[in-house]
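S.K.: Please build the complex by placing chains B and C on the supplied structure of chain A, with the hints as guidance.
Residue numbers (the working numbering), protein chains in the order written: chain A, 26 to 237; chain B, 26 to 237; chain C, 5 to 283.
Read the hints as simulated data drawn from the structure, not as lab findings. Backbone N, C-alpha and C fix where the C-beta goes; we use that ideal spot for every residue, glycine too. All the pointers check out, no bait thrown in.
One-sided and incomplete, this derived list gives chain A residues near chain B with beta-carbon spacing under 10 Å:
no.: 1; residue: Leu41
no.: 2; residue: Leu47
no.: 3; residue: Ala50
no.: 4; residue: Glu62
no.: 5; residue: Val86
no.: 6; residue: Thr99
If you want the building blocks of each chain, they are given just below.
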Amino acid sequence: MNNVTSLSPEDRRQHLRMLEALLFASAEPLSEAFMAERLPSDVDVGSLLRELQSAYAGRGVNLVRVAEKWAFRTAEDLSFLLAPEAVEPRRLSRAALETLAVVAYHQPVTRAEIEEIRGVSMSKGVLDVLLETGWIRMRGRRRSPGRPVTYGTTEAFLDHFGLEAVGDLPGLEELKGAGLLDINVPADLAIPVPSDSADLRGDEDPLDEDER
Amino acid sequence: MNNVTSLSPEDRRQHLRMLEALLFASAEPLSEAFMAERLPSDVDVGSLLRELQSAYAGRGVNLVRVAEKWAFRTAEDLSFLLAPEAVEPRRLSRAALETLAVVAYHQPVTRAEIEEIRGVSMSKGVLDVLLETGWIRMRGRRRSPGRPVTYGTTEAFLDHFGLEAVGDLPGLEELKGAGLLDINVPADLAIPVPSDSADLRGDEDPLDEDER
Amino acid sequence: MGVGEEEDAAWGAEPERSAADPTLLVDVDGFEGPLGLLLELARTQKVDLTKISILALSEQYLRFIEEARRLRLEIAADYLVMAAWLAYLKSKLLLPAGDDPEEPSAEEMAAALAFRLRRLEAMRDAAARLMNRDRLGRDVFARGMPEALDTVRRTEYEADLYELLSAYAIQRQRTCVRRVSVRQRDVWSLEEARQVLARLVGMADDWTSLQEYLVAYLARPEERATAIASTFSASLEMVREGKVELRQADAFAPLYVRRRQTPRQGDEPGADTPGKGKP
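Here chain A stands alone, though its shape is the one from the complex (with noise of 0.2 Å):
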């Protein structure tokens, strides 16, 4: 914007304080969005995050990215320093766990295929558990026989794992490289990419509406 450059060094620094108060204040990550509906009109509230960003990048609270938004978070060497106080996280069975990755790399996944994948027929209570962590979710019903419910991962999932998108879920490219994220085998043409968005694909309707 042509107009943030006109602005006065010391607006710029209340702008930033704005920020800094909101972001601040929540345990959430802020969208952008948000944050400029707060702040004057005339803000380029993402040069300014980026200002803010690089400020605390050596402190002991940094400003990350999350899922498009931002939240302020400790600085992940001093975990020790805080893991004292923390409640530890109760542990995912191995089942959960191999799931959750299934979910993450392979969304919008029906239950069928994450079946397919791990070569197992799955209880129930691992997906029951998996939606109680809030970390993946029922994002649709696939067109197909059935109409079987697709999962995949939400917000939570990035801010918990620290991803600022799924596309940065460890080892991704790789997996894609080797054509290890196909459902079918063999492997199709098309190299299927996960994808958390909101937007259902070409194959998926919408939930029921008491399923949301």
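M.R.: Just chains B and C now, with coordinates in the frame of chain A:
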């Protein structure tokens, strides 16, 4: 403490980061003793906290002392950001509008006089709503039995209705001309020339101290 | 102990595992499923999965299942289906390739299985890498004392000058009309006159001037005309009903009224003029 000075600036920076992270993540204000316990033993927490406090002094987030403990708090002058006001426009009820008009034309006017002019008794809520709009105010007390409160309009009233002065409110002939009053209204219908002068009239006493 | 569907408890400690575990009985108790079991077996081959011998792996799996059956372990259907399929694959791998173009070749089937194993392994690695990330609430922390980002709703009232003026004009006019109607009450209605008359006639038995009766009740001279007119009309009505009698000596002479003295006999047709002309 003497050993503080022997610490390298890098160590000091790291200790500041640790305090920052601890204070940020804590759900409650932290005592110096609690923080000292978590930092290396040779650290002067008090001096670090004061340094952190002055570093954050002009920022959107400040380090404040709360009951012998320390906590980050968003800067006081930015509270408007955190709880911005959303304005909900609401129309005045017919009764409120009529009462407002009577107050405007007949000020200073008491509640009994408003009722006399409107020919109906009035619920308490109507005057409360009008006081809330900021368009009318309690002016004083009529020097008569019961010392009833007199009401008049405010500058906000003039502002909202685009009037330079209450004297600009149209008189009888103008109201007729505008088609608002019947041509056939009785000749003795008197429409006063309003005045909202801040000076109390001869028959008004000032409000009591605690009413203002 | 059984080889079956994974347990319902999705939370729980991961079982300690090791590829070098000498006894696979530990794995029978695991929740991995037949593909997971195959993966475990493949790891004991200690080769790259892309170079694994599916034939050797199949034989290993079938031996494992046979051993489990010999020990009379309950084996879930998933494992048996896999065993049957692997037995079929093994026989195809050992036989020369058939000519049926519809059916996938043994090599293709083996490659598909190898792919599935690699994919499962990739997912396991991915899960491990995911869990090793700096996790919120374990390695990094959110604001401990969030301050509410609530919106305070404030009402702002609206009105314009036209509304204000018309509200004023309407109510002033309304109260004007009300005052006029108060004056209209000065006109005696027939009903009012009748009530007054009925009450007053009851006070005296003898002939009384209608004027006299009324005068006592008329405070203001300007009401006299309407009072006389209404009372007269009312009196005629009451005469017709046989309740009072009227008498007048001459035209414009005072009109006298009294309560009807003699009850009427039955329904006389001429009942509407009984008082007239009785001196």
